[in-house]
Structure formats: structure tokens, C-alpha cells
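*Asks:* Sequence positions in the sequence shown follow full-length UniProt numbering and run 1 to 90.
One thing to keep in mind: the hints can contain errors.
Calculated pairs, BS3-like style, for lysine-lysine (alpha carbon to alpha carbon, straight line, at most 25 Å) [claimed, not checked]:
#	residue 1	residue 2
1	Lys15	Lys4
2	Lys40	Lys13
3	Lys7	Lys53
4	Lys22	Lys40
5	Lys40	Lys7
6	Lys53	Lys4
7	Lys22	Lys7
8	Lys6	Lys46
9	Lys22	Lys4
10	Lys15	Lys40
Cβ pair distances, simulated, as ranges [stated by the list, open to error]:
#	residue 1	residue 2	range
11	Ser49	Ile72	29 to 37 Å
12	Ala37	Lys84	56 to 64 Å
13	Ala47	Leu89	55 to 63 Å
14	Gly3	Glu45	24 to 32 Å
15	Thr9	Gln41	16 to 24 Å
16	Pro65	Lys87	47 to 55 Å
17	Glu80	Glu52	26 to 34 Å
18	Ser11	Leu82	26 to 34 Å
19	Lys6	Ala47	56 to 64 Å
20	Lys88	Lys15	30 to 38 Å
21	Gly38	Val63	22 to 30 Å
Because the hints were derived from the structure by calculation, they are not lab data.
These figures come from a predicted structure and were not determined experimentally.
C-beta atoms are modelled at their ideal positions from N, C-alpha and C, and glycine is treated no differently.
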Amino acid sequence: MKGKRKKYTASFKAKVALEAIKDKHTLAELSNATLVAGWKQAFLEKATSVFEKESEQDSEEKVDPDPLYARIGRLELENEFLKKSLKKLH
1 MKGKRKKYTA
11 SFKAKVALEA
21 IKDKHTLAEL
31 SNATLVAGWK
41 QAFLEKATSV
51 FEKESEQDSE
61 EKVDPDPLYA
71 RIGRLELENE
81 FLKKSLKKLH
């Protein structure tokens, strides 16, 4: 029987990664060495994004809403059609 896997918050991961970067503790002392090493690497890779301009970050995260609105419209039409069809059956 397997137990539930632990889920760590982003803030916890950041704190552990910072401790690993400081090298005050060994990775084994902090936790599972593989997990902490991965968090440390991810933290270092994304650390530069803190100093990027907001416009650069926004351009990466922008999503075109038009396809989403179109899909919402189709789903609303389908929903209404199914409601009417269900009423006809009863």
C-alpha cells in the first residue's frame, strides 16, 4: 500500500533552494538530495526573471483570448441546444 506523496509549496521550495545555494547544509541534511538539487537548479534558472522588465515577462505570458471566447460561445450554444432537446424528451 502506497502512501500519499508530499506536495511542497513554491515558497517552501524557494527557501530550501536558497539554503542549498548558501551551502550551509548538505543536500542530504536538507531533504531528499535529488529533489533539492532539482529545486536549486530550477531556482537558479528562473532567478534572472526577477530582474527582467515587466513587458518582457508579459509578452511571454500573453494568451490570445479570441479562440477562448469562440470556444465559450460554441459551448454555450451546445449547452442551450442540449437543454432544449432534454425538455422535448420529457
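*Asks:* The structure should be examined with respect to each hint, and the outcome stated for every one.
*Replies:* Hint check:
no.: 1; hint: Lys15 <-> Lys4; verdict: 23 Å, holds
no.: 2; hint: Lys40 <-> Lys13; verdict: 8 Å, holds
no.: 3; hint: Lys7 <-> Lys53; verdict: 31 Å, violated
no.: 4; hint: Lys22 <-> Lys40; verdict: 11 Å, holds
no.: 5; hint: Lys40 <-> Lys7; verdict: 17 Å, holds
no.: 6; hint: Lys53 <-> Lys4; verdict: 40 Å, violated
no.: 7; hint: Lys22 <-> Lys7; verdict: 24 Å, holds
no.: 8; hint: Lys6 <-> Lys46; verdict: 23 Å, holds
no.: 9; hint: Lys22 <-> Lys4; verdict: 31 Å, violated
no.: 10; hint: Lys15 <-> Lys40; verdict: 10 Å, holds
no.: 11; hint: Ser49 <-> Ile72: 29 to 37 Å; verdict: 31 Å, holds
no.: 12; hint: Ala37 <-> Lys84: 56 to 64 Å; verdict: 58 Å, holds
no.: 13; hint: Ala47 <-> Leu89: 55 to 63 Å; verdict: 59 Å, holds
no.: 14; hint: Gly3 <-> Glu45: 24 to 32 Å; verdict: 31 Å, holds
no.: 15; hint: Thr9 <-> Gln41: 16 to 24 Å; verdict: 18 Å, holds
no.: 16; hint: Pro65 <-> Lys87: 47 to 55 Å; verdict: 32 Å, violated
no.: 17; hint: Glu80 <-> Glu52: 26 to 34 Å; verdict: 45 Å, violated
no.: 18; hint: Ser11 <-> Leu82: 26 to 34 Å; verdict: 43 Å, violated
no.: 19; hint: Lys6 <-> Ala47: 56 to 64 Å; verdict: 24 Å, violated
no.: 20; hint: Lys88 <-> Lys15: 30 to 38 Å; verdict: 59 Å, violated
no.: 21; hint: Gly38 <-> Val63: 22 to 30 Å; verdict: 27 Å, holds
This entry does not satisfy hints 3, 6, 9, 16, 17, 18, 19, 20, going by the numbered hints stated previously.
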